[in-house]
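Protein chains in written order, with the working numbering: chain A, 1355 to 1611; chain W, 16 to 270.
It should be emphasised that the hints constitute simulated quantities derived from the structure, not laboratory data.
Worth double-checking, as some hints may not be accurate.
What the hints assert, rightly or not - Looking from chain W toward chain A, a few residues come up when the C-beta cut is under 8 Å (computed):
| hint | residue |
| --- | --- |
| 1 | 124 |
| 2 | 159 |
| 3 | 162 |
| 4 | 165 |
| 5 | 167 |
| 6 | 170 |
| 7 | 186 |
Since we're looking at a predicted model, the values are computed, not measured.
Positions of the beta carbon are idealized from the N, C-alpha and C atoms, including for glycine.
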Amino acid sequence: MAEPTATDLIAALRGAVVRYPAPAHAIGPIDLNIAPGEIVALVGASGAGKSTALRLLAGLEPPSSGQAIVASGRTGLVFQSPTLMPWADALTNVALPLNLAGLDRAQVRERAQTSLAAVGLGDRATAMPHELSGGMAMRVSLARALVTQPDLLLLDEPFAALDSITRRGLVEDLHRLWSERRFAVVFVTHDVEEAVYFADRVVILDARDGRPCADLPSPGALPRAAGWRLDPAYRRRVEAVADALAASMPASIRVAP
Amino acid sequence: MKRMAALAPPVLMILLLLAGWEIACRLLAVPSYFLPPPSAVAQALVERAPVLAASALVTFWMAIQALIVAVVIGGGLAVLVSLNAAAERAVRPLAIALQVTPIVAIAPLVLIWAGLDNADLAVVALAAAVAFFPIFSGVLTGLKSADPDLERLFDLYGAHPLRRLLRLRLPTALPHALEGLRVAAGFAIIGAVVAEFVSGSGASQGLAWRLLEAGNRLRTAELLAALACLTVMGLGLNLVIAALTRLVLRRRRQG
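One chain only, chain W, in its complex shape:
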């Protein structure tokens, strides 16, 4: 009942927006190539469901692979540099440089490295590059945020660095890492779509391909249907990670 009450305002807001959009399109006779009403988008969604679902699956799989790569490299690197202050000072500027470099700018280079006939690899690499920073930063911040008194206790008992990592720093880092993962998941989807765009027709036919195709043919309802698929995908992944976070942290103090 409480959950229903919490869901009501956003659902009501979305319904109101859709209704307003539908009425405005009909009353103002907006051309459908410019802005189709939600009913036309829904129709396109149903009619093109098999194609859209297949493309969404391709993009989703790219994003998941990118997320896994980002977790392994970002998380692993954060653990390694947390053990040595000089290593952190050396790596952090590079990580920030990667974060502020536009993915579009490095895409041609990554495509050349991956091979033009191997564009899927380039898409995963580019999306992983975008998802890397939130995970690296989240894990590193978490590893360094252990209670100073607990750190002193580990000093007092002469804890081995590996035991300190496993028993203190990694458990402390877990909530930060999960928050980083949640942000990274959104970035991975955005990164996958942008990478599909810039990889051109060499890439698998993900949602970016559907967006381009629909745009080029002025099939705006189909374009918006593909966009809706992207949004649902992002929301779905976010919900899964939120559920995972609740499951992992359920026994800890909240807030």
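Chain A extracted, bound-state conformation:
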């Protein structure tokens, strides 16, 4: 298969290295291509550089060397915690990117309301963040990331703090929204099962330097059919990814199953 050119891609990292001064260490070089409309999960041990890769793709951190190619277009970002402004209601939180862009008030309100409704919280526009459950707050955060109609959605372990039922609900919602809009997603997670279920392909970052050391496509089509978690192909891929993840870690931090 021909190597895609930068113009075919939503974002790419080309030999991107990030060096940190104290304690001195480096992440990379990372090579990664993100095509329009694909969902890529980044999996790796803690400190492998998953979040660094995400910041590079968001353009929030320049690489020390190499290139981070961020396609012109809009990017949405969701963090591990909802990161809502505690002084503002749900609608104002969702409207933030539009307000920062200086759009007119009526348009901001309408688009924020639509985005909030898309995540099932149309009736909670005036709720303050502390009045929302963890799952609801995360949905508000997702609505904020999607309000600009992004071409690329970056998710930094967004489900880590949620219970498994809420987590599954959010994954299904994300698949539904993705089917409607076909934005590309880069999704950082520790959870192998979640990565295989949610993504088109799973990229494993080496625990030592953050280099992608395996790139494994998930079987089956997105969004997943009901009961797909019981599919033997899914189970086999989870095992393969778990093995590749274990191989990406130095023996000293590997834990026997």
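Using the hints, position chain W against chain A.
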């Protein structure tokens, strides 16, 4: 009912102390110029109420003016230096120097600058100097304590510095600023009284004047009555700011 239960212990403690004080003064026949009993202080408070109230009002107004000046200069300066790390490094040592300089030591200088016949201005300036630091420090700390992920989000959306200030940093700073204001309010009252003391008879006849006058004439009950006025004033201002804080932050997450 809950509020009553919360108030009961401090009120009971104060009543117990007053009762103990009253009984000790009577039993030990303590001379009233040395330590008058609370009943004598209460009597002085009633008898001298018009004079004490007028003086308290003068001191209170000085403290309020000083607080307003401190909010405008301290808050404004904090916002300005928060926009530039070099400016903060330049200004912070000066702010700390102002904080650690005793107000009594700079009073003669400020009096000369304000003009000896313009002592009120000197009192406000000195009290404002004392109230400045808690506000400057509170606002600056607040402006710099925004959630780093929210800061990243503002970076991602290319927020203009003014929008970042208005939509992220100032709302984040608000609880810190209100806490600074609460501390500064107490300092402003202390500063106003100390400044009245050191400004001598040139200043308006605030509570410091009443304290000096009563002390010089050994009217200790009146002296303690003036002190009680000061305490009530400080507590009152503190309660008003606490209520303002609750009102402003009522919709935010508590704790």
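Verification of the supplied hints:
Given hint, residue 124 of chain W at the interface with chain A, is violated; its Cβ is 42 Å from that chain's nearest Cβ, farther than 8 Å. For residue 159 of chain W, the interface hint is violated, the least distance from its beta-carbon to any beta-carbon of chain A being 16 Å, above 8 Å. This hint holds: residue 162 of chain W has a C-beta 6 Å from the nearest C-beta of chain A, less than the 8 Å allowed. Against a cut-off of 8 Å between C-beta atoms, the interface hint on residue 165 of chain W holds, since the closest Cβ of chain A lies about 6 Å away.
Taken as an interface hint, residue 167 of chain W checks out: its beta carbon lies about 6 Å from the nearest beta carbon of chain A, inside 8 Å. For residue 170 of chain W, the suggested interface contact is upheld, since its CB lies about 6 Å from the closest CB of chain A, less than 8 Å. Checking residue 186 of chain W against chain A by beta carbon gives a least distance of about 5 Å; that is within 8 Å, so the hint holds.
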